[in-house]
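Protein sequence lines, in the order shown, are assigned to chains A and B.
When we follow this note's numbering, the leftmost residue of the first sequence carries the number 1, and every step to the right adds one.
When we follow this note's numbering, the leftmost residue of the second sequence carries the number 1001, and every step to the right adds one.
Calculated directly from the structure, the hints in this document are not laboratory data.
Positions of the beta carbon are idealized from the N, C-alpha and C atoms, including for glycine.
Careful: at least some of the hints might be erroneous.
Chain A stretches covered by chain B per the calculated footprint, using a threshold of three residues with CB under 8 Å from any CB of chain B [what the hints assert, rightly or not]: (1) 31–45; (2) 114–127.
If the Cβ cut is set under 8 Å, some of the chain A residues that face chain B in the computed set are [what the hints assert, rightly or not]: (3) THR86; (4) SER87; (5) GLY88; (6) GLY89; (7) TYR106; (8) LEU144; (9) GLY148; (10) VAL239.
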Amino acid sequence: MSQTAIRIRELTKTYGNHRAVDGLDLDVHAGEVFALLGPNGAGKTTTVEILEGFRDRDGGEVSVLGTDPHGATRAWRDRIGIVLQTSGGLDLLTPREILRSTAKGYRASRDVDEVLEATGLTAKADDRISGLSGGQRRRMDVALGIVGRPELLFLDEPTTGFDPQARRDFWELIRGLAHDGTTILLTTHYLDEAEHLADRVGVIAGGRLLALDTPAALGGRQSQEATVSWEEGGTRQNVRTATPTTEVASLAARFGGEVPELTVTRPSLEDTYLGLIAPHVTDERQEVPA
Amino acid sequence: MNTLALGVDRTGVELKMYSREKEAVFFSFLFPILLLLLFSVIFSSQFEDSASTGMTAARYFLPGMVAAGVILTSFQTMAMSVAAERDDGTLKRLRATPMPPAAYFLGKVGLVICTSLVQVALLLLVARLAFDVPLPDTGGRWLLFAGVFALGVFGGTVLGIAYSSLASSRSIGAVVIGPQLVLQFISGVYIAFTDVPQWLQQVASVFPLKWIAQGMRAVFLPDALASAEMAGSWEPGRTLLVLGAWALGGLVLCLTTFTWFKRGSV
């Protein structure tokens, strides 16, 4: 676990006079699932594309599996898997055909039937991809990303447009890969997705890292005050407190039993996230997303 | 797997996709054959003295249709499919794998070789069996055929791949078919080259299609018709030279301009 899969130091990338990535530092450990969060135009996609070897950087140091992705070699590509945001052009083929052909480029690819099974595509293996549902197509993309048995998998907004059940199924698939030891770098807009899947979460905005922690502890969530709320005299009462249990006990004593419509809440990951990016969002909305 | 084996595998994938796209099969693969059938029927009355001249409509149009087929299966197919693959992310997806870039190009070349060979075989078969067109009877003519065909197909392939960078997949159809249609008319594919005004003949002479068509006339038409050519002869040497230059230039252009990513995306 002490190994570093991705190491980023002082990374910068500028488009015109817009600094898309502005001195980013980040480490992703081998074997972890790391979620990169941030508003549109935050520099997420630029950063990930630099890590994937698709984009050149202006400054800083980047090492992915011990190699600089600039000038990526075939041997390096053999060890990483990339699930792109959109991948078309497969309509006329079947999942089995494209997986079989893609697998041949790798040195130690997974068995095609095994990949079809893991991604839930066995029943559709010999159907044209044009006939697959949105969720099945996305699983097809993941199948292409993992057929080479990658040590490191990039997942770019994998569940956009999924229905809730498809998302749950998809999360199971990703958890299974993580369990087998694959390092995963995930970008997503869904906070619950990050919370379910990620060991650690990094929030970036304005091309910089704003916060980095486990989903439970991000932005000091654990130590923040809880809100105790109840119904009294026809209005909602709210008390923010560091000792909610004491507060509830004294309320119970005062009401002599049940407290009407009692809730105790801590800030959700989404609240914390929105609080973190709030100072950056007004600026970023005006930028053209790269 | 080595690059060559991956190229063979990519050829298989390309052939599957090509054969499943019915529009492509019709408009690039079967089109010259259908035109040959059509022209041979429509213009048969203009070749009534065929018994004395040995010329029939089918024999007259065969070289043009072979030339059109070469351009359609190589240049048009490549320009349109590579533009589409760049736009829909296929190229980016392939770039993300350890497959060497050369394997992708070998797959394209393999596809064009297979489709153009089968197409020209069908054209010759139809001409021979349905219209009794005599095929070349000397090794020299077949050698010239092989040279013009190979250089034409290779040049069309690399020029098509280079040309794909000029437009997005939405506009590539118009950008390819418009100029190509003009070239076909002024290069002697649909109408006799000698009927084209001299200045247009000179314009056409800059581009490879005119030379493919002229080379194919040298292969399939009787030598007596050579005097009708612009230079008064078949010019086989010059034909091969011009096509070779275009193929080489196309290869350089292809290698220097090719990009795996959509314009403005990286």
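Now for the hints, and whether the structure bears them out:
1. Taking a C-beta to C-beta cut-off of 8 Å, the stretch 31–45 of chain A contributes 0 residues in contact with chain B, too few for the three needed, and the coverage statement is violated.
2. Counting residues of the stretch 114–127 of chain A whose C-beta sits closer than 8 Å to any C-beta of chain B gives 0, which falls short of three, so the coverage hint is violated.
3. For THR86 (chain A), the suggested interface contact is upheld, since its CB lies about 6 Å from the closest CB of chain B, less than 8 Å.
4. The criterion of a C-beta within 8 Å of any C-beta in chain B is met by SER87 (chain A), whose closest approach is roughly 5 Å, and the hint holds.
5. Interface restraint check: GLY88 (chain A) against chain B, minimum CB-CB distance 3 Å, threshold 8 Å, status holds.
6. About 3 Å separates the beta-carbon of GLY89 (chain A) from the nearest beta-carbon of chain B, less than 8 Å, and the hint is met.
7. Hint status for TYR106 (chain A): holds, given a least beta-carbon distance of 6 Å to chain B, under 8 Å.
8. With 8 Å as the threshold, the beta carbon of LEU144 (chain A) comes within range of chain B, its nearest partner Cβ sitting at about 7 Å, so the hint holds.
9. Taking 8 Å as the C-beta cut-off, the interface hint given for GLY148 (chain A) holds, the closest approach to chain B being about 7 Å.
10. Taken as an interface hint, VAL239 (chain A) does not check out: its beta carbon lies about 52 Å from the nearest beta carbon of chain B, beyond 8 Å.
Hints 1, 2, 10 from the earlier list are contradicted by this structure; the remaining hints agree with it.
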